[in-house]
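Asker: In case you want the letters, here they are:
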Amino acid sequence: MKTKLLKSLNQYRAYVLVVVMFACGVFGKNFYTAYNIKAILDSTLLYAFLGVGFTLCMVAGHMDLSVAAMANLGAVLTMGFHTFSGMSWGPAMILAILAATLAGVINGVMISKAKIHSFIATLGMQFVLKGVMYIYSKGAEISDKGDFGFADILNKWLKPLPITPKILIMLVIVIVVAVLMRNTRFGRNIYMIGGNAETAWLAGIKSSRYTILIFAFSGACCALGGALFAIAQSSALPNMGEKGISPLLVALAATIIGGTDTNGGRGSVWNTFVAVLGLMVMSFVLSNIFGKFEVQILANGLILAICVFYETITAYYNNKKIGIRQPLLEQRQKELESAQ
Amino acid sequence: MPNSTNTTVRKDTRTQEMNKFMVIVNRLGIYVVVALLLIAGQCIRPDKFFTFSNINSVLQAVSLTGICAVGLAFIVYSANFNDMSLPMTIAFSGMVSVQLLQYNFVLSILGGIAAGLLMGAVNGFVIGKLRAHPIIWSMAFNFVMSGIVRWAWAGNQIYPDTITENAATAEQFYALARTYLGKSIGLQIPLMVVVMLVMFVIGHVILTYTSFGNQLKIIGSNYDVGRLSGINCARVVFIAYMINALCAAICGIFLASLSKVGAYYNGEGYDFECVTAVLLGGMTLAGGKGNMVGVFGGVLTVGLLTNVMNLLGIPTFNQYLVQGVVFLFIVWINTNSARKLGKS
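In order, the protein sequence lines correspond to chains A and B. When the letters of the first sequence are read in order and numbered with our numbering, they come out as residues 1 to 340. When the letters of the second sequence are read in order and numbered with our numbering, they come out as residues 1001 to 1344.
Careful, some of the hints might be misleading.
What the hints assert, rightly or not - Below are the EDC-like pairs computed for lysine to aspartate or glutamate, each with C-alpha atoms no more than 16 Å apart in a straight line: (1) Lys7(A) <-> Glu311(A); (2) Lys1129(B) <-> Asp1224(B); (3) Lys159(A) <-> Asp42(A); (4) Lys1260(B) <-> Asp1161(B); (5) Lys320(A) <-> Asp1224(B); (6) Lys1129(B) <-> Glu311(A).
Hints were generated in silico from the structure; no laboratory data involved.
Please construct the entire structure, taking both the sequences and the accompanying hints into account.
Answerer: Okay, here's the thing in structure tokens:
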């Protein structure tokens, strides 16, 4: 009974985090206001997109360290195309997303064709993208020069609901990807590749093509998130989020808390989104109660570490049980007892 | 058993075809790149490049990375990918050692190293004994430690001269990174460079000539084979993490001394920089391949590349692009040569 409860708690830990942290808002001041809830939802924008990309790659058994750089690229290029080249927002965003997709395709080719470990390939890509961004933006902040029209549309509060259009776009993307992963052949094949690459290959899945697709999709997704984030903020920096908590770490934490297996083959995009929501609720609650940035980092890290530690311990004891036959064990114990 | 005496030993007549170029790449590895960079540097600035002070400055610039890379090589060698908690190990040991300056100089150094070893012990236990995913766990641990360090010092930086009332102690601490050896023979070699070279020699001896190094190689090549052949895998991986933490702690103390401040952001970027150097040196993330001589070549490459680009006048931020492309290209060549030779 006790273990069963613990198991189901662990299975739905992302939801548990959201509920517990939301309940902790009782200790804060003015926490349950519509504006505050809207602000919490707004803050999930970038991290949810990064989490989707990261989760896809991790389900397929890879790591994509370049998600933060991809989002940054999307932000800088969109803003740059609009401000420097005078494009309207639509083409600028599409071009930026295409650029990030290209980077993702290069990632995928390096990993699947050249057989470079995904950790190294995306690490190198991170530096390359950083260089590209600094060269393009000359290391300075790019603003949209007072053209707030689209930003206002994105940030408009749809009054009775605590939702803004940018969050609607994010939700649509998350749900589409979740359905894609859950109910289509494409998605199930990704799970299969992550679970056992060799079996997938024997089953006739072209795993290299899938790897390239996944990384391209991850790049596009992150770039879209970065572009929306930059437009809503009306500015883009080439070193977005390097101070404080890095977006990569939040994406990683959300993916792990959402229950994605670190070795691939298990996980869900929707749970990752819920975990992002939970982390954001937590940071809002903590900043409301303590007002200190350090506590937020500590709490984020602790929750991530506890999740990783719990899974490790479970796997450790499960590994110990492999090969033990329960009836024989019980018989042996009975023999020992009768001998005494 | 009638057959066992009659079997004749058949000679293996199959020939192994090895791509000659790939053999050269695999053996000489990174030193080809080092030589190319040296030639390029000589071509760009014939008057300035091969001076003692320039080479010395290259070595000094990479000495901290090199010290860390020695330790990280053990982790990569044992197929544990990368230690992402390096930045906080560096920062934490630096901060503890600055904080302990209020008592004593010797105590501060020992305390700094002990702080680093403590983190190494946690990593070693969770990854070696419980077998957590190395990257994920060390990232999570880095996150936790960064929270603890910021919380404990309230997000502040600490300065040696305000911590200690004795000005001589602070001066002693500052002098750590500013000591030059060999003045009597007319050379000025910084202490950091000497420490790095000594650590590379010690690391090479440990990795190549001891039973620990051999056990690490078996574990890195195939963990299950290591376990089944009776190696205490948990202990070996634990020691590897302790060595890594020791190197990171020494680096952290030098860094605090060099920048005259103990701060939570001190080690930022070292995780990726060191793994770059280690991977350039021919070690692979699959583990069990490469050696310390190669890692030294990798560290030299990082330093020389920056130096050559600085001589060319490329701005700092644009250097990221060149570094990334060179890194990916060399890693691709390494991987490719290993695959052509059937080693991977």
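Asker: For a C-alpha distance cap of 16 Å, please report whether Lys159(A) and Asp42(A) respect it.
Answerer: The given pair, whose Cα atoms are some 14 Å apart, holds under the 16 Å limit.
Asker: Compare the distance between the alpha carbons of Lys1129(B) and Glu311(A) with 16 Å, and conclude whether the hinted pair is satisfied.
Answerer: Holds: Lys1129(B) and Glu311(A) sit about 14 Å apart, inside 16 Å.
Asker: Quick one, are Lys1129(B) and Asp1224(B) close enough, alpha carbons at most 16 Å?
Answerer: Holds, because 14 Å separates the two Cα atoms, which is no more than 16 Å.
Asker: Just to be careful, I want the Cα atoms of Lys320(A) and Asp1224(B) compared with a cutoff of 16 Å; is the pair within it?
Answerer: 14 Å, holds
Asker: Mind checking the alpha carbons of Lys7(A) and Glu311(A) for me, to see if they're no more than 16 Å apart?
Answerer: Answer holds: Lys7(A) to Glu311(A) is near 11 Å, not above 16 Å.
Asker: Does the structure keep Lys1260(B) and Asp1161(B) at a Cα separation of 16 Å or less?
Answerer: 9 Å, holds
In the structure shown, no violation is registered for any of the earlier numbered hints.
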